[in-house]
Amino acid sequence: MPQIGQKIALISPLTYGNDMIEYAYTGKSLFSPLLDIGVLVIFILVLQITANYLSRSLTNEWDMLKSIGYTNLISWPDLIFWLLFLEINKKDGLS
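If you count the sequence shown from 1, position 68 lands on 68 in the numbering used here, and the numbers rise without skipping.
In case anyone wonders, no lab produced these hints; they're calculated from the structure. There could be a bad hint or two in this list.
Unchecked claim - Estimated spans, in silico, between C-beta atoms of each pair: (1) M64 x V41: 24 to 30 Å; (2) G27 x T50: 34 to 40 Å; (3) D78 x T26: 23 to 29 Å; (4) N52 x T26: 33 to 39 Å; (5) S57 x D78: 16 to 22 Å; (6) S67 x I44: 31 to 37 Å; (7) K90 x E22: 43 to 49 Å; (8) K90 x A24: 45 to 51 Å.
Every value quoted in this text rests on a predicted model; they were computed, and no experiment measured them. For every residue, glycine included, the Cβ atom is placed at its ideal position computed from N, Cα and C.
Sequences and hints are given; from them, build the entire structure.
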């Protein structure tokens, strides 16, 4: 793998999961199994905290859109985009 690909792979949870599976089957690994577990736990925590934050922060906007019947007019990807757009603009003081 090229050097840049190796550096990018270090921030992917798939690398550490695959390393744990390889260690389970062959007894060889690139990283310590404890490091693999630790990195995967950190990834899970970061993603869970982010999901909880987005869920709480977007609930008000979702309720507002639901109250005016707007949620039936657009697709889910569009809805998620606009809710995130509203949240970002709220932080920048634009709305």
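Cross-check of the supplied hints:
1. M64 x V41: 24 to 30 Å: Once the Cβ atoms are compared, 36 Å apart, the range 24 to 30 Å for V41 and M64 is violated.
2. G27 x T50: 34 to 40 Å: Given range 34 to 40 Å: holds, Cβ gap about 35 Å.
3. D78 x T26: 23 to 29 Å: 46 Å, violated
4. N52 x T26: 33 to 39 Å: Because 37 Å falls inside the window, the suggested range holds.
5. S57 x D78: 16 to 22 Å: 18 Å, holds
6. S67 x I44: 31 to 37 Å: 34 Å, holds
7. K90 x E22: 43 to 49 Å: 45 Å, holds
8. K90 x A24: 45 to 51 Å: The hinted range 45 to 51 Å holds for K90 and A24, with Cβ atoms some 46 Å apart.
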